[in-house]
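A.B. asks: Model the full assembly from the supplied sequences, consistent with the hints where possible.
Here is what each chain is made of, one letter per residue.
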Amino acid sequence: MPALLPVGGFGFIKASNIAKPFFDVAGIVEPYQKLAIEQLIYNLCNFGLWDKIIALYPMVGGTALAHSFNLKNLVNNNLTFFGGWVHSKTGAKPNGVNAYADTYLAQNSREFQFGRDDVHMSYYLKTPSNDAETVMGVYDGSLNPNWLFPNNGGLSSISIGSKSIVAGGATVNSGLIVGSSKLDINSGIGMGNGVAYSIPQGVAIQNTPLTYAIGATNFAGGVQIRHTVAECGFASIGTGFENPSQLLLLNAIVNQFIQSKT
Amino acid sequence: MTKVRLLTVPQKNELVGQTYCTNSFFNPIQDINNNWIISNEEVCHCENAELDWVADLPEIEYLPKPYPPIEP
Chain A
8 MPALLPVGGF GFIKASNIAK PFFDVAGIVE PYQKLAIEQL IYNLCNFGLW
58 DKIIALYPMV GGTALAHSFN LKNLVNNNLT FFGGWVHSKT GAKPNGVNAY
108 ADTYLAQNSR EFQFGRDDVH MSYYLKTPSN DAETVMGVYD GSLNPNWLFP
158 NNGGLSSISI GSKSIVAGGA TVNSGLIVGS SKLDINSGIG MGNGVAYSIP
208 QGVAIQNTPL TYAIGATNFA GGVQIRHTVA ECGFASIGTG FENPSQLLLL
258 NAIVNQFIQS KT
Chain B
38 MTKVRLLTVP QKNELVGQTY CTNSFFNPIQ DINNNWIISN EEVCHCENAE
88 LDWVADLPEI EYLPKPYPPI EP
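Top line first, the protein sequences correspond to chains A and B.
Our numbering puts the first residue of the first sequence at 8, with every later residue one more than the last.
Our numbering puts the first residue of the second sequence at 38, with every later residue one more than the last.
Do not take every clue at face value.
[As the list claims (entries may be wrong)] Heads up, simulated DSS-like pairs for lysine-lysine below, C-alpha to C-alpha not over 27 Å straight-line:
| # | chain 1 | residue 1 | chain 2 | residue 2 |
| --- | --- | --- | --- | --- |
| 1 | A | K133 | A | K59 |
| 2 | B | K40 | A | K96 |
| 3 | A | K21 | A | K59 |
| 4 | B | K40 | A | K133 |
| 5 | A | K96 | A | K21 |
[Stated by the list, open to error] Covered by chain A, according to a simulated footprint, are these stretches of chain B (three or more residues, beta-carbon under 8 Å):
| # | stretch |
| --- | --- |
| 6 | 42-54 |
| 7 | 73-84 |
| 8 | 98-105 |
Quick caveat, the hints were computed from the structure, so don't treat them as lab data.
Here a beta-carbon is modelled for each residue, glycine too, at the ideal position from N, C-alpha and C.
C.D. replies: This is the structure we're talking about:
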């Protein structure tokens with residue numbers, strides 16, 4: 008299990024220093040929310056996951072502005088919300104009709120330093136999605152998409168990097184769903200309902216300047232598809248994980264964060 | 038059944054690029070019949086006084102366009 012934050016120690020100071028600019032721009036004043044963010048940063052750093060994340064959306068603060076900030080980098084990849092969203096202290100709920108948030112993080116971005124096959128996406132569902140909705144993704148329409156289906160005909164389904172699995176496990180109605188593909192590792196890793204599993208080799212996504220969307224999948228032609236109604240309590244995009252243990256750690260850390268932030 | 042608000046093309050053009058509240062933009066889309074629509078959430082949370090006419094838009098049932106197939 009993730010460690011409790013050792014208040015006053017070196018880890019606390021480091022987490023506080025990272026978190027303070029976020030508190031300032033996002034207007035976070037509640038002490039329990041500040042502690043939840045510091046704990047999140049501390050645990051991600053302590054377990055070596057912080058550097059794998061390019062964009063991290065903790066969805067704290069209860070407003071569209073507060074929910075827009077990328078905790079990992081307050082300058083780049085902050086969200087803009089489009090369409091119908093409802094923001095509350097538990098997260099951001101898209102309407103499943105026209106809602107999405109643009110991360111401005113391109114699939115072929117140089118932030119993915121090892122290319123299209125070294126990527127992860129995670130999304131914490133506070134409420135269930137409907138069948139055949141994606142909670143986040145990017146798809147240029149030509150080859151394999153990068154997207155997460157918490158419910159695809161009664162099973163969860165993940166396609167990411169060069170890995171794809173239609174029947175990834177039981178439907179994920181709540182909690183963290185993660186898809187990860189790592190360069191030079193034949194199997195990807197998926198996770199839902201607290202269980203990690205392998206994702207077999209598929210067809211690699213083609214490099215595209217399309218950007219990742221949250222609440223839907225960004226599709227070719229400037230449109231979004233497969234919008235979801237699942238409320239987002241946390242989301243991240245980054246490079247791939249090496250092993251299932253890292254996904255289970257991320258799951259434990261995010262679960263602790265979700266409980267602490269509300 | 039999900040209800041949405043029906044737009045004319047000039048109304049759609051007026052909403053594109055406009056915010057309904059901080060950091061939240063209107064996103065008109067087309068339904069299966071190519072009607073331009075926005076959601077009730079955008080209307081209900083609209084804080085933009087210059088666009089308060091959206092509250093008077095007629096409500097229709099949302100019929101989505103079919104999506105591309107799941108399998109590439």
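A.B. asks: Cut-off 8 Å, C-beta pairs, minimum 3 residues; does the coverage of the stretch 73-84 of chain B by chain A stand?
C.D. replies: Since 7 is at least three, the answer is holds.
A.B. asks: Starting from A:K96, check that the Cα of A:K21 is at most 27 Å away, please.
C.D. replies: holds (26 Å)
A.B. asks: Please work out if B:K40 and A:K96 have their alpha carbons no farther apart than 27 Å.
C.D. replies: Holds, at about 26 Å.
A.B. asks: Given the hint that A:K21 pairs with A:K59, does the C-alpha gap stay at or below 27 Å?
C.D. replies: At roughly 17 Å apart (the allowed maximum being 27 Å), A:K59 and A:K21 satisfy the hint.
A.B. asks: When you check the alpha-carbon spacing of B:K40 and A:K133, does it fall within 27 Å?
C.D. replies: Answer holds: B:K40 to A:K133 is near 23 Å, not above 27 Å.
A.B. asks: Can you take a look at whether the stretch 42-54 of chain B is actually covered by chain A? Rule is 3+ residues, C-beta closer than 8 Å.
C.D. replies: violated (count 0)
A.B. asks: Check the hint pairing A:K133 with A:K59 against an upper bound of 27 Å on the C-alpha distance.
C.D. replies: holds (24 Å)
A.B. asks: With a cut-off of 8 Å between beta carbons, are at least three residues of the stretch 98-105 of chain B near chain A?
C.D. replies: holds (count 4)
Of the numbered hints listed earlier, the single one contradicted by the structure is hint 6.
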